[in-house]
Structure formats: C-alpha cells, structure tokens
Amino acid sequence: LNFTGPGAAVCPANDISIIPCRVCGAQSSGFHFGAITCEGCKGFFRRTISERDNQRYTCRNGGACLITLATRNNCKSCRYRKCLSVGMSKDGKYKLTVRTLY
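Each residue of the sequence shown is one higher than the last, beginning at -19 in the working numbering.
Hints listed in this document are in silico derivations from the structure and should not be mistaken for laboratory results. All values reported here derive from a predicted model rather than from experimental measurement. No residue lacks a Cβ here, since even glycine has one placed at the ideal position from N, Cα and C. Certain hints may be false.
[Stated by the list, open to error] Across the chosen pairs, the derived CB separations fall in these ranges: (1) Ser(-3) with Leu46: 22 to 30 Å; (2) Ser(-3) with Gly72: 13 to 21 Å; (3) Cys39 with Ile(-2): 14 to 22 Å; (4) Gly67 with Gln7: 17 to 25 Å; (5) Lys70 with Cys39: 31 to 39 Å; (6) Arg61 with Glu19: 17 to 25 Å; (7) Arg36 with Ser(-3): 32 to 40 Å; (8) Arg36 with Ile(-2): 32 to 40 Å; (9) Ser(-3) with Gly42: 31 to 39 Å.
Sequences and hints are given; from them, build the entire structure.
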C-alpha cells in the first residue's frame, strides 16, 4: 500500500482485501474513515459517531478487552477505542471499497 498524498491510498483494488481489518482482523473491504477496515467495523464506527455522538461507552474489564473477529461485539468501549487507535476519525475523507463480483 503506497500513500502518495495526505490520506490518499493507492493500491490495486484486488490487493486491499488481503490486508486484514486494522480493528478486528477480519477481511477488510476498504479504506473507511481513515483506516483499512471491514464492513462491520466501518458500520460500527459510523453508527457510533453519528447516532451516539454524546453517548459514552463503559468497559466492564477496565479497558483491557481484546478485539478480534470473535470478540468485537463484546465490548463497545474497547472496540471504539481501538477504532480511534488505528486512525479512524470523523474526518476520514477517503474511501476505497473493494467489491467482489460473483
């Protein structure tokens, strides 16, 4: 993956899906909100920043939850924190999505 400018990702469309989601490790679908993510994490982040902008999530494990494909739905607080830590933001302007044709 090559970056040619601020936030601009240049990558052959066939290759981006081999890069795992930076949040949960699932197969990625593109560059969303500033990070390479899967559809699930993209949707979670979109809902969190739009519908629940003032809502605060609370972790029951002191913020130490491991976020994987199998556990990503267990703790919204840690998942949201991981989204932010991998670079997702409201201001992520560039979107590159890979669609598989059957």
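Task: Which numbered hints fail - done: Checked against the structure, the hints that fail are numbers 3 and 5, while the rest are satisfied.
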